[in-house]
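J.: These protein sequence lines map, in sequence, to chains A and B.
Here the numbering used here is used: the first residue of the first sequence is 1, the next is one more, and so on.
Here the numbering used here is used: the first residue of the second sequence is 1, the next is one more, and so on.
Hints were generated in silico from the structure; no laboratory data involved.
We treat Cβ as the ideally placed atom computed from N, Cα and C, and that holds for glycine.
Hints may contain errors.
[Unchecked claim] Here are a few chain A residues that face chain B, going by a calculated C-beta distance under 10 Å:
no.: 1; residue: S202
no.: 2; residue: H209
no.: 3; residue: K340
[As the list claims (entries may be wrong)] Derived list of chain B stretches under chain A, where covered just means 3 residues or more per stretch with a C-beta under 8 Å from a C-beta of chain A:
no.: 4; region: 57-64
no.: 5; region: 104-113
no.: 6; region: 119-127
no.: 7; region: 131-137
no.: 8; region: 140-150
[Said to hold, decoys possible] Anything over 10 Å on all C-beta distances counts as not near chain B; from chain A, calculated:
no.: 9; residue: G7
no.: 10; residue: A33
no.: 11; residue: L98
no.: 12; residue: I120
no.: 13; residue: R293
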Amino acid sequence: MPATSTGVHHRSYASELTLRHTHAEKFRLLLIALAVCALPFVVTPYWLTIANQIGIAVIGAIGLNILVGYTGQISLGQGGFLAVGAYTSAVLHIRAELPVPVCIVLAVLTTAVIGAFFGIPALRLKGLYLAIATLASQEIILFTVRTWDAVTGGTDAITLPRLELAGFVFRKDFHWYWIIAGLAILAVITGRNLFRTGLGRSFMAVRDHDIAASAMGVDVTRAKVMAFAISSAYAGLAGALTAHYTGIVTWERFTLQVSVLYLAIIIVGGLGSIAGSVYGAIFMITLPALLTRFGQDIQSSWPDAAQKMPAVQVVVFGLVIVLFLIFEPRGLNRIWHRMKDYVRFWPFRY
Amino acid sequence: MITRAYRYPLNGSSLEPGVPLLDVSGLTLRFGGITALADIGFTVTQGHVHAVIGPNGAGKSSLLNCVSGLYRPQAGHATLHTGKNGAATHDLIRMRPHRIARLGVARSFQNIELFRHLTVLENLMLGRHIHMRHRLLTSLVWYGPARKQEIVHRELVEEVIDLLQIQAVRHKPVGSLAYGFQKRVELGRALCMQPSLLLLDEPMAGMNAEEKEDMARFILDVHELAGVTVMLIEHDMNVVMDISDRVSVLDFGKLIADGTPAEVSRDPDVVKAYLGEELSA
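One chain only, chain A, in its complex shape (with noise of 0.2 Å):
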């Protein structure tokens, strides 16, 4: 149904549950699609490789803005959680030789079912006393990698083979841009569907007000271990290609920095949006990235600078999470709504 000078009618609720109703929306999604695919034979491979951490970092952010955005579960357990979706998917494939898709999806369920238990907590605590919970979680998760010779070979790292398929070679971040792209895609699909539906709308209900849910027949139980369990499928699925994608596993990958850091994606992005953990990913993958580069742009003229400049970006990468949390505490999603709707109204305010 197409916007018209009066706005936008439905005649059923199926054409008004649909995510796009304008023919500009869709417009927009068809060049966004399009950006997607022409982005890997305009960029260079450094921004390549960015594109790549960004569609994990994607995944991930998915994941734990479904616990933490829509459930309103803190976790600090993120890190935790994809070092376990990439030992195991690593494991698999190292030691039983099963096939990467296969060692990827049993990755994913194991994830699942770690999440689920760590998720017990919940069930009893609220707010900071879960995030210190979770903190635990994180911490054990690590503990049990470095400690566990036997399988994850403790702090050494595990080294995997290129990725291989029908005998086709990943060699190139360009062959891997398209598995990554792709499942970042079905990552932000299944994401949004999921909260168009009834189970997302009891996560949510869960959010808002727990005891209400329970009165309105929602199983609070039930619904926060599965958004634990959802949350960290998308975890192990980041995890799982981080290991397959870089070929190098090593606990040091997963510490709490990378759980604060998919914190801040999602605040900086926007808590309980699913644009909002894209925009989120890029912004916070491509801001020290950006810092990097400046770095070594100004190394020739004012080394010095140039010498401070892993401390500088710890500081904005800080800096930028205190700002949001102060300026826009709903994130970039926020201020891009804000701005389509200046867009909009223009040349009127509101």
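Dock chain B against chain A, hints included.
T.: Chain B only, in chain A's frame:
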């Protein structure tokens, strides 16, 4: 029963009017040393508006919370009759709240407890939660039953929206609505469950005369047009006397009177609890 052009019955109970729907007996609730409810017993009859009144702190909300499973009383039973002619009985005490909701006991809260970041429509759709099937895979792909049931249940939700006259705000987040509208949405959310018993905790608290009038009208619509049995807590005696069929009076956790509004208003204990005693000279 339904005389308007509504297609869906809002009453979830198949009991005949006049038979007992909820039997409360021996209900005792203690918080530490305080006895909030002491040996409460009464019967809610199918097809009635049953009011529970009493001064502040009398235990009215506690009673409702026991029936809807939010509190666990130390003793007593609350037996709900369901099925044809009340063939099946369920003791609501010690049952978890979501199980009680599945039996068709819907409620509103004293201080509005809506899902404030969701729209009116989403709040009402959550009232349909118990009637929907929630499968993970179909939800993720927005396919088949997951999509179809959103449309099917929307039809009933729209009828409730019409009944409560909240069409204009259906896409607004409830947090942004005026108080009176929020109260109405809360009533609507409970109605969307097609309740067999509707518990309303002070539906008119904090409203002006006009808003009260509207709300009383809605409750009577729900009761008379849709045939839903209502159990409500209310402070406003005029409202209670106007719309209820039966009144139970609580004071300091004890049931001091139970009868028709006329009987109760003449009861010396009730007069004493509400107006105080004359000092004997």
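J.: Now, for every hint given, state plainly whether the structure supports it.
T.: So, going through the hints one by one against the coordinates:
no. : hint    : result
1   : S202    : holds, 6 Å
2   : H209    : holds, 5 Å
3   : K340    : violated, 17 Å
4   : 57-64   : violated (count 0)
5   : 104-113 : holds (count 4)
6   : 119-127 : holds (count 4)
7   : 131-137 : holds (count 4)
8   : 140-150 : holds (count 7)
9   : G7      : holds, 12 Å
10  : A33     : holds, 18 Å
11  : L98     : holds, 23 Å
12  : I120    : holds, 17 Å
13  : R293    : holds, 37 Å
Violated hints, in rising order: 3 and 4; the structure is consistent with all others.
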